[in-house]
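Visitor: One-letter residues, chain by chain:
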Amino acid sequence: MNHDTLCILWFGIMGVLLIGYAILDGFDLGVGILHPFVPRSDEDRRVFINAIGPLWDGNEVWLVTFGGALFAMFPEAYATLFSGFYTAFMALLFCLILRAVSMEFRGKFGAGAWRRVWDTTFFLGSAGVPLLFGVAAGTIMKGIPLDERGEYAGALLDQITPYSLLVGFMTVSLFAMHGSIFLYLKTEGDLQKRVHRYVWRTFGLFLVLYLITTMFTLVEVPAAVENFKQFQWLWIVPVLNVLAIANIPRALFQGRPFYAFISSSCSIAAFVFLFAAALFPNMVRAADPAAEGLTIYHAASSSKTLTIGLMMVLFGMPCVLAYTLAIYWTFRGKVKLGDHSY
Amino acid sequence: MDVVLLSRLQFALTVMFHYLYPPLTIGMGVVLVYLGARYIRTGDPLYRIAQQFWTRIFALNFAIGVASGIVMEFQFGTNWSAYSRFVGDVFGSALAAEGIFAFFLESGFLAVLVFGWDRVGPKMHFFSTCMVALGSIFSSVWIVVANSWQQTPAGHEVVPMMRDGQPWIVNGEVVMRAQITNFWEVVFNPSTVNRLSHVLIGCFIMGSFFILSISAYYILKKQHVEFAKRSFRGALIFATIASLAALFSGHFQAKTVYQTQPAKLAAFEGHFETGRGDLSVFGLPDVQSQTIKGDVAIPGGLSFLLFENFSQSVEGLDKFRKEDRPPVMLPFASYRLMIGLGMFFIAVTLLASFLAWRGTLFDKRWLMWVFVIAVLGAVAANQAGWVAAEVGRQPWVVHPPVHWNDDGSLVVDPDTGKVAYDETQGLRTVDAVSPVISGEQTLGSIIMFGLIYSLLFLVWIIVLNHKIHKGPDPIPLARGSGRAKDVMDTAARRPGHGDSLTDTWMMQEADDES
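Protein chains in written order, with the numbering used here: chain Z, 1 to 342; chain E, 1 to 514.
Excised from the complex, chain E in its bound form (with noise of 0.2 Å):
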């Protein structure tokens, strides 16, 4: 059995799971610190409600994010111990910020956020429910550093690995392995800003669809209505942003992409020759017949959008080696599905923006459904957006420089006319698995993973229903005391034990029925 076929697959089940949550947690946390500091400026106890409700699902997703987190960073010393040797120096640092830095913050903070509502006055609630968003956005700024470094690496250089002073052979060949020579060239390495961004846009799309799908719900079942206009309402201003935002950074990041992956950029497009790039919006690409059938495409639309002119050239696939081109079906594939997904969002946050403005949205029934669905479209884009921007990295796990000539035209090889890529520089992902594992051993944890990642899903969906179900605690009848009230009673409450990390609302529920 392959191992590396089998590594690839066991990576991709463990990183779409596991990147279900974090979106979740970054979107969600950006929206705990609107609705904490709209509490703390208006003491209007519907807020503090709103965060309490909506803290509690946070809690949840952030524990399977952790308890799926783990595996991500054991797999890259169990399957690609190569490649960790090849990185461990560059890529090891950005890792380990992650844990000092990021996971530290969130997960010490988090049992404020989650246990301390009567153990800590607003204003301290407050500073943690800003700390927890900080850590969570840390953390993607770390492993997006990271990633951006494989697709772009800057900062380092490859040199022998030394063993009492001298290069180190083994079998006749000096082992190689990339060193950090500048970490904040690292850090700001050419596709770091530009991919981050997009990342986090995707994650406050996700954040914002899935309050705006729960929140949805209720309007239509007419439960917690108040609450749910309001979130609703705070929700959709935050995702029309987003959503239009989406577009201009993937404009963007699309731009570097050619820059510095053209043949990756190809993959996305299905450009096999080199030439005026036309902009495919429907159709199947054909590697074996170079074409892509049945296409619909809007001739130099690449070209305009890559350089604002119909007309200029655009350099494709024919320009690489054939062991050095990506697959194209599926970032062709995936790349169209999250744009398609990308527009769908625009214009549906952009019409209920509208009838908001108009005041009858929350009477349009369909709409709600919609939107109760489109969480779903938020959760494919991303993972969409990740499939393209992975496969289309290969057949490199580490990818090497490409260098341009003046006239804007790939430097070639004059005998071949194609890419010679600097192997040295790079790494392929044939060559990153380790070499020391079996096929038996990798078929058999992805089984275990499959039932794992089963049982996990149908408990994060058992838990989440029975929360939604329950819904948020009831408005306090004396509006406007909130804040006098909570003042009062934080001396006299302490936080009970019985509570788990996922339930933490007993105390409040049996204050207010008091």
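Chain Z with its partners taken away, still in its complex shape (with noise of 0.2 Å):
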């Protein structure tokens, strides 16, 4: 294969990999979202904790393989990116580790003011990881200064614009209402029921913000829809993301709620295409229009490096999809507490 194609290819796989991310995580982060606004008593945030309790762990690998894959496919924008993002992906690694720590250190004392520092950090951990992915996705997706080296030549405040901060909220929003859909499969009785009307609040509060944001990115980022000019057949992406955040109500009206969870899935995944689309071939765009970005061909290994890395991923993505569904499968049904819970 040709170094193009390659370079393609591996595009295509960060993608599936931030979509495997984003759809895994993304209802865990959720779950910690709504966590202090649902539930009335200790044992309904615990039934939230519980029903991520097992899986969040082996979420974040996906993560931590999307960096590793980047860094090693293309070292080149992982190096811009991440020195140049340097406030944010620390944030970002505080609010993961906050989030954990949480979870873990909350049961672990009797109830009253104690339990309610850690359900605070709780929820800010979980609301700052969303949000700072939002803030970065919309940041490239505007573009950000590059020196001739290709490194970061902005300022720090030049990564927060309203246009940022706006997809930040809306990834807020998406997650939670993804999260709110999984609890509505993990929970019964009274709770389910308040966590249904959270549903739909989240569901109305995605769906301005999605609004919003798509007019915004048309107006303010004329680049954004530059490939969908020249390749006519992507329209059917945004197309098939409306099909998908419709059919959420309509399962939900029907009481079927697990195709409402798998249109949400589908939605984020939708999400990731469609940044991924209007990005392309940029890794990283630069502000100035004139200018030249780091495209995946600049930015890329060489030849050698992506072959066996793709080598890795046929032998590899098998076996973790393998894991991944039969984790799920034990995990499946309603969330029981025990005394050993968290």
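These are calculated hints, taken from the structure and not from any lab test. Small disclaimer: the values here were computed from a predicted structure and weren't measured. Each hint should be verified, as a subset may be incorrect.
[To be verified] Straight-line distance between alpha carbons at most 25 Å, and here's what the computed SDA-like set of lysine to any residue pairs gives:
1. Z:304 with E:179
2. E:467 with Z:220
3. E:467 with Z:252
4. Z:304 with E:176
5. Z:334 with E:120
6. E:467 with Z:117
7. E:418 with E:287
8. Z:304 with E:161
9. Z:304 with E:160
[Stated by the list, open to error] Okay, the calculated bits of chain Z under chain E, using three or more residues with CB under 8 Å as the criterion:
10. 50-61
11. 83-90
12. 297-305
Using N, Cα and C, we set each Cβ at its ideal position, and we do this for glycine too.
Got two chains here, each in a separate frame; can you build the complex from them with the hints?
Guide: Right, here's the structure in full:
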């Protein structure tokens, strides 16, 4: 295979890894975002945490693998983004570790102030991760200033614009909705009824933010639709995305929440796909439309490394998918609290 | 503020915290395989109870290892972007292999290991135990491969980066990077095998001393005595073999270091002047006067260890330009700490083995107390070894090759009499840091990591303490009928959803009570 084909193939694999991460960690982050709002008792809060207890750790391995693959296959993009977004990445690490600590810590001592502190940090960590990812995605969509060597040439505050914040909040609402549908599958009785109300509220919030973001993108980020002019067939993805979003209330009305969960997963996959399609062939878009961005061809490793990596993926990914399905099958069904739950 | 120094401090802080956990999981993984195999062979429920207890602690260590491991992977990009650009093509393959093969293998089968006691049969469970142990060893393989490549690069070439078919020139300089030419030469670079075996032996020492410590505590407190004695005896055999093996593997590794990184070995030994190598046992190296203060040395000891000859000349730090020399104090001290602790492990495990043979081991309360505390020595030895290896590599992050004459002396520049490294083949640490980050940003993140790791460490101690006080499950009354009971019950049970990653024994306990 020639170098350009390998680069495009690897760009696709990165997209798959990101979709896997966003769908899987998306619902457990969403559970953390809803945690302060829906439950009325401590027992309800424990049900929430135990719904994701055995799963979140494995979900984060997708992020680790995405990071490792970016380093290996696109080292120039990895170096530019990770050093350019230094403070954002440190905040992300802080949020990821904070929520892990909060989950383990809150149950270790009695009730009262102790648990309220850890409930707050659990919420902040869970909401912070999608907010940061969304802000980063918004900033990358608009493009960032790059110097001649391909290093980030902007200031820290350039990364926070109204547009990037909008994308950040949309991501938070998307994951909250995704998490609420997951919780609907995992809870029963009164708690499930309250979760059900929040499925509608988060869906409404997401729908509003989605429409605003879409309009804002079309007006503010003309570069985002360049590829859609050139490759008309790409329009099928936003169309499918709208159908997937529309199918969420439909499935809920029909009392088939599992289909609603599949639909919100498809919607997340569509967002990642749209993001990748809008960037292509850039890995990092330059803020100045005249300047050359960091394309996948310029950011990539040598053909030899891309080929070695491809063989690893062909051998490894089927195993990974098999483990993941096996774990989710083992932990299907409603949450039951025991003496030694979180 | 100095971004390079701050970034190095941050890397040291985060990697030293992270490295508390992987050696424990690697070492304990092997013990879990042993216990699982014994259970399948004998059907003795005590082995199953022991395996369940140690699995809970294993899962706790694993969870913290994952949380702190993400930080390591991100930091190459955030703080060391110039390094990432230079080595990504070579180093990245190892890291990606680690993610795809090791991490998914570990975390996938860990779920079966932790939550699947009643979901799968004993053989499937044993298979999962083997896969988790293999996965944790795999992850150490890839990361040590990547680190060894930095010490002794091979299987690559340093070439210009191409842009549209032309070498890419920025500010009048061609941008260079290392590109892979032979994957297996990268994997089996000159130091991989020696370093990997030494690292794994270090992990085995850590895992076995961890189990010895908790078992000795139970024996002293007269709790769960039968369980504790059996765990202690098993771990003691493992610890004795590993301690002896560390001595031999360390010896061969030191010889490789001299061949590939002679400045590093000279720093380990405080060997300032080329000539007969004395082995300094105590003392404080002083770089100003190029001597060791208060030196107590074995004359010719270093020459003997390297060449089996007490008088042969050993190349010293004087063969290197000042800017090419590593710091001496830290490698010298941490190298000695590691070896001193290694000798202590050999002495204390041999003594305990002798007493076990005499049958009086568990009466020696003072020795049990020594074992309770000795795990801290195992932690310190593992950390000190890495400090020596990494600080000794300075001022390089990717060490350029050295060349030898046939008479066993270094090839030097005839004008200066010093080694002239080929700068293009290596990368200095000062050139490896991210050019776009500021000292304030780095200081801020160091403070953040300091706070959150203190919290994480506190969680670990509290949960570990909780688990140790809770102890293993009680032994079923009908000894020897364990296997039939488990097979019968497998169909009736299904894992509870109320379990956290680290608390999973409620099902077993409820059944044992009924």
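Visitor: Could you run down the list of hints and mark each one as holding or not?
Guide: Right, here's what the structure says about each hint:
1. Z:304 with E:179: Holds, because 9 Å separates the two Cα atoms, which is no more than 25 Å.
2. E:467 with Z:220: 56 Å, violated
3. E:467 with Z:252: Judged against 25 Å, a Cα distance of about 43 Å means the pair is violated.
4. Z:304 with E:176: 17 Å, holds
5. Z:334 with E:120: Status holds; Cα separation ~21 Å.
6. E:467 with Z:117: Holds, at roughly 24 Å.
7. E:418 with E:287: Within the cut-off at roughly 18 Å; holds.
8. Z:304 with E:161: Satisfied, since the Cα-Cα distance of roughly 14 Å is no more than 25 Å.
9. Z:304 with E:160: Roughly 16 Å between the alpha carbons, so the hint for residue 304 (chain Z) and residue 160 (chain E) holds.
10. 50-61: holds (count 8)
11. 83-90: With 6 residues close enough to chain E, the hint holds.
12. 297-305: holds (count 5)
When held up to the earlier numbered hints, the structure conflicts with 2 and 3 and fits the remainder.
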